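Enquirer: Below are the chains, spelled out letter by letter.
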Amino acid sequence: MSDSEKRVVLGNEAIARGVVESGCQFFAAYPGTPSSEILPAIVRFKKENNLDLYIEWSTNEKVAFENALVASYTGKRAAVAMKQVGLNVATDPLMSAAYIGTIGGFVIISCDDPGPFSSQTEQDTRFMAMFAKVPVFDPSSPKEAQQMLPIAFELSEKYQTPVILRPVLRVSHAQQTITFNPIRRLGRKANFQHNPQRWSATPRFRFLLHKQLNMKLKKIGEEFNSLTSFNFIEHDRDQAVMGIIAGGIAYSMIRDILLELGLQREIPVLKIGTPFPFPTEIVDAFIEKCDHVLILEETEPVIELQIRDKSKITGRLDGRIPNEGEMLPEVITQVISDLCKTYSIPVGEVPSTVTLEKLVAGLGLPIRRPTLCSGCPHRASFYAIKKAFPNGIFPSDIGCYTLGMNMDSVDTCHDMGAAITFASGLYQVYHQDNKEIPIISTIGDSTFYHSGAPGLLNAVYNGARFILVILDNSITAMTGMQPTPESGMTADGHPGQPLSIEELVKGCGVKYIRVVNPYDIKGMIREARKAYEYTQHPEGGMAVLISRYPCITYQKEILKVKPIKVDIRHVPPPEKDLPPLKSGNIPLSLLPVYQDKIAPCTGACPIQVDARGYIALISKGKFDEALALVRQKNPFPAITGRICARPCEKVCRRGDVDQPIAIDLLKRFVAERKNTPVFNVTPGPEKKAKVAIVGSGPTGLMAAYDLRRYGYPVTLFEALPLLGGTMAVGTARFRLPEDVLNREIDIIKKLGVTFNLNTKIGHRKSLDDLWNQGFRAIFLAIGAHKAKKLNLPEEDAKGVMDSLTFLKKVSLGKTLPHFSRVIVLGGGDRALDAARTALRLGAKSVTVLFSRSRKEMPAEALEISEAEKEGVSFQFFSIPTKINASRGKVNGVSLRKTVLSVPTSLGRTKVLSVQGPEKTVKADLVITSPPYVPDLSPFGNAIPQTAWNTIHVDPVTLGTSIEGLFAGGDAVTGPKNFIEGLAAGRKAALSIHRYLSGEDLRANREGEGVSMELVSVNIDKIENQLRVAEPVLSPESRSKNFKEVRLLPSEEALVAEAKRCLHCGACYQCDTCMLQCPEGAISKTEEGYVIHYEKCTGCRICVQECPTSSIDMPAVGACIACGFCLKRFECPSLLKGEDGRVKIDRLTCVDCGLCIQVCGQEGIYQKAL
Amino acid sequence: MNQQSAIRTPQSALERMNIQMIISGVGGQGVLLVTRIFAAFALREGYPLIGSEDHGMSQRGGSVMTHLKIGNFDSPLVKKGSADLLLSLEKNEAYKTLYYLKPASNGQDGGLCFINAPNSNDMNKEIKKYLQERRIGVYVFGADQLAREMGSVQSANIALIGFAAAHHRFPFQPEKLREAIEQVTSQRFREVSLKIFEKGFLEGKKSITE
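Protein sequences, first through last, are from chains A and B. With this note's numbering, letter number 1095 in the first sequence gets 1095, and the count goes up by one each step, no holes. With this note's numbering, letter number 200 in the second sequence gets 200, and the count goes up by one each step, no holes.
These are calculated hints, taken from the structure and not from any lab test. Here the structure is a predicted model, which means the values were calculated and not measured. Worth double-checking, as some hints may not be accurate.
Taking beta-carbon pairs under 10 Å as the criterion, some of the chain A residues facing chain B (in silico) [what the hints assert, rightly or not]:
#1 I254
#2 P370
#3 R1146
Covered stretches of chain B, as calculated for chain A (at least 3 residues, CB under 8 Å) [to be verified]:
#4 35-42
#5 117-129
Quick list of simulated restraints, FRET-style, between CB atoms [as the list claims (entries may be wrong)]:
#6 D109/B <-> H494/A: 51 to 59 Å
#7 K125/B <-> E288/A: 53 to 61 Å
#8 E324/A <-> K125/B: 34 to 42 Å
#9 M405/A <-> K125/B: 36 to 44 Å
#10 M481/A <-> N18/B: 33 to 41 Å
#11 K125/B <-> E1138/A: 16 to 24 Å
#12 D109/B <-> R184/A: 44 to 52 Å
All C-beta atoms in this analysis are idealised placements derived from N, C-alpha and C, irrespective of residue type, glycine included.
So that you can see chain A by itself, here it is in the shape it has in the complex (with noise of 0.2 Å):
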């Protein structure tokens, strides 16, 4: 570019112009509406200029003054430019530098924002001259502030004082044609003279500086009064009628008014261009010639104030001018046209516009207002932040993140920094009334850069908590994308340093940091929550988020690494029967429904205990009421609450958070208390037809149980001496004590059943007989107890025995061979029941060999780790190869390594193959878990049997393909834990029941058995809490007996376990609901919550939020109109359709899709490309 070229150029870049025309070789600034533009013109100008010329964007406006102020000492010419508001932050430094002065010329860039369009305040920088004794200059446009400028650094050499250029935003972001005029180099050398009386004067000498400038200041005044090129008149004359004063921009302003009123001839015109020091003379000269005159001046009565006799004076003082606001055109327009008429200056009708803005007015026209861009991620964070403190307070600070009060979540915006101390000071009054609120502050990066850290040093320092969530694009996006120190980047290239956040953060003291991402906004609601709970730990403190995602305007590229499309889907179709915006015309089907639902638990338990239910008695105390709960379903809650397998627990959402709930326990103590009411359980309405039960099993006694409820008479027979199938035989006493078992069987007998023991069926007495007894209906729970061959050499060597055999022979007192080295093949309950009875009757010792690892053991962690207190040991990944016999009699087991396969997804491996040398353990009883099946050989072909050697029955029914015989259980299924057991004998006694009294079989069994629609519940704001600790008995106290090892927590620590529930599925009016919900819809009452359907909108928000899913609703999968994303989420390109629902604007959609997280009705989602 040459010089002397006409250019049209913003006014900021005529002012940069300026600056180098001048000769500056020192420039800092820090960025703010309306003077950002400056420093990147003068980047350019110095690249293709190739100047000698330091640029800095300083990390606030004090340390760009101080550096450019210290650079003017050298004897260089220095500027820093800055807003209006951000002198303020330099006042300090400002206030010295006009008594102790310059060397070279320092030049202060500060642009006022009359308006205000985007400041705090409309303050006039010209009074700050003046309160600093600063000379200044008021451009009129942009070409004068160009010209300006290298008068301004002359004055500035001239009397070795700072000069302020106050240009206002009509002039900084005005364009206008302007002359390239040459750029003056300088070259000048850094030269700083030493002068502590100067440069640190010391009071004494402050008082002379003080007087030097005075004087300084009277003389500039005079100099001012002829200084022509900015002080003038226009068509002077001797005498008028009105004169004008005019200052800065209104100079420029009053000049095509008179034009366009044809009366620039009539009104002269003193046009002022340096109103401090005060031209004095020029102006009294002028007022002296005119009868009246105006003043017009942006903003303040500067001039106005400094004329000494305001007898002729009209202006912002008498309040002819309006003292808020831009000056506007219309405005001054009309003031002239009245004062002429006061006058009697002829002048012409002016054409009002009113009846048109009030017709547009009563168009109601959607107002515009600023908002954050499309896929901005400040709209991300403060989502979730007020998503995850509805109540909470937040002050914030100034960026374009101030915009984030259109989403309810910035309460202040005060000043640069005043985020971090406002939140400080807000905690610290309601913490002195020991009140808690959540406080969450919100800064950019680089307004925390700019003036952050002392406030949140001081926050660490007095003890203040709160959550300060750094808003991290990663440049200063509000001003024009200015890098921040973090980038490293410098204003025209020259080698920084990055900066950290972390690091400065960690620097003040925070010991809590995370770095968020704020495109994933349910993760920035979790991490915002947990940064709530450090705060409110004892050991806590302050926390900080730093919300880091790059501006989306600056970096839209980062949008296309995973590129997406948004698109919403309407229902119903677009043509017909639109959905109006509030509901109460959209279907119920659509809106929310309170209500409880079926807890996880229970929909798992097989025979349907509804456990949420007696764990919420329990933590109420209730615990008769709970006790009679369980027995609602379950006649065998101390049994239960021993073996059950507890897939329950497995499903309980509290293990998503940190352990499941200890469902077993607290059935058991409900069932073991001292005193609890006797279990009066009667048998129905007695019915004629008899029903014969084959085994008194889990499952045989539950039919038993059952039936008799029914009314049936039932007799059950029993091979073995005594009761209870594999919980008397197959279970160790020190799991399941005998007396345990025998008061819940004791319940059956209660009932009425008949009991045949060492009655087998299919030897002595057929299944005919028993038909020809009268049995109507017979049901074989016959269980699995026939061991299969696990084909190893010598496994039927004396000394060799299942586990089952084995636990069966204690049970029923029968002798076994004398043993004492025992290995126990085999990782499950029963095989570890085995391996520490054989302990308890004497063995020296006994070794577990499983073919895995420990954590693939079937058996209870708690069992395995008893089992090594009480003396049991463990080889793992061994697998037996053969067992080894002399003379028939067993010696040891030869074992060899196993290789497993790679973890299959559930986590399981497969042993591949073995590996290593064969090793030999010497044994003299080895205990083996082979395969069980039922033990159908006395029956002969009378039953019809699968290729397993099981029953073969009708899974829905449990009938077999004879007429009257039922079959469940073990023997149907193979070896199943005790609580399938249960529900199998539930399920054949309602078949028995519907066969007898000849209904249908199949009808409504659908919701029998476990429900695998389990609902889910909401675990983001779960503080985390330990499961109940288990006591047990002293391994001492268990040697050689079988008192039972596990034993109950005191009920203190079982009510507080039962309150670790998470309600799943059932309200406990936590209130979430009704805080969340963004019409005000729900209210609560004494049985809980109603919902106003005239005020809801479908927005599915209390849905989403409910902790225990008690709030259901469908998810529509299209944009039912709720305005949900409207109102909350606030997107410049989500348009509301003339029809109320949502639209998207393309124009401006960059397909971020942010609103797909928020949508509570699936109604926005992501279209595949």
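Given the coordinates of chain A, assemble chain B onto it according to the supplied hints.
Expert: Relative to chain A, chain B alone:
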């Protein structure tokens, strides 16, 4: 002090052109590009120019408006009721800026406005009447649609300029505007922009019957 040098007379009326205009729309529609095209025009033709554009917070999704004065002017702001031209890229923003237009006076016609909107018939009747009475010409043109059809959704602004250029009272010669567009648009969009300008111009010729 020297009285003589303190006196300034207005520049002689050598200007052939004194045009005040308003360009309005919504952030993202390219209001600033329109401004730059007219600025380039003024510079190429040697007319002085002053104007003012919105910056700062109004940039983010809100209303955007620029004032542009070509000729003998000093102040960057257009006074209400003084604009010769209004180019509006969005219907509602057009309504909000209509009052800048100059009503007819002293036998001179009122200002002209060109609005990008899909349907010319849905303009408020009372307002239409008001404008007609003051001889303010209103022309609605579906610039978005044309730009979309031509494969460059964001070039509705250029289409609207082309359309307006077809009006016999539009003060800028189409050929000169074409050169300004060529100068201002980036290489990537230059060809399509010129095509859209031409197409808009043809549409204007067809539908502006005044």
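Enquirer: Decide, hint by hint, whether the structure agrees.
Expert: Hint by hint, here is what the structure shows:
1. Because the closest C-beta pair between I254/A and chain B is about 8 Å apart, less than 10 Å, the hint holds.
2. Residue-level restraint check for P370/A holds (minimum Cβ-Cβ distance to chain B is 4 Å; threshold 10 Å).
3. For the restraint placing R1146/A at the interface with chain B, the shortest Cβ-Cβ distance is roughly 7 Å, inside the 10 Å limit, so the hint holds.
4. Coverage of a stretch by a chain is defined here by at least three residues with a beta carbon nearer than 8 Å to that chain's beta carbons; for the segment 35-42 of chain B and chain A the count is 4, and the condition holds.
5. Coverage of a stretch by a chain is defined here by at least three residues with a beta carbon nearer than 8 Å to that chain's beta carbons; for the segment 117-129 of chain B and chain A the count is 3, and the condition holds.
6. For D109/B and H494/A, the hinted distance range of 51 to 59 Å is satisfied, since their beta carbons lie about 57 Å from each other.
7. A C-beta distance of roughly 57 Å is found between K125/B and E288/A, which places it inside the suggested range of 53 to 61 Å.
8. For E324/A and K125/B, the hinted distance range of 34 to 42 Å is satisfied, since their beta carbons lie about 37 Å from each other.
9. Between M405/A and K125/B, the C-beta spacing of about 38 Å keeps the proposed range 36 to 44 Å intact.
10. A C-beta distance of roughly 37 Å is found between M481/A and N18/B, which places it inside the suggested range of 33 to 41 Å.
11. Between K125/B and E1138/A the beta carbons are some 19 Å apart, a value that agrees with the proposed interval 16 to 24 Å.
12. Between D109/B and R184/A the CB atoms are about 50 Å apart, so this pair conforms to the stated range of 44 to 52 Å.
Violated hints: none; the structure is consistent with every hint.
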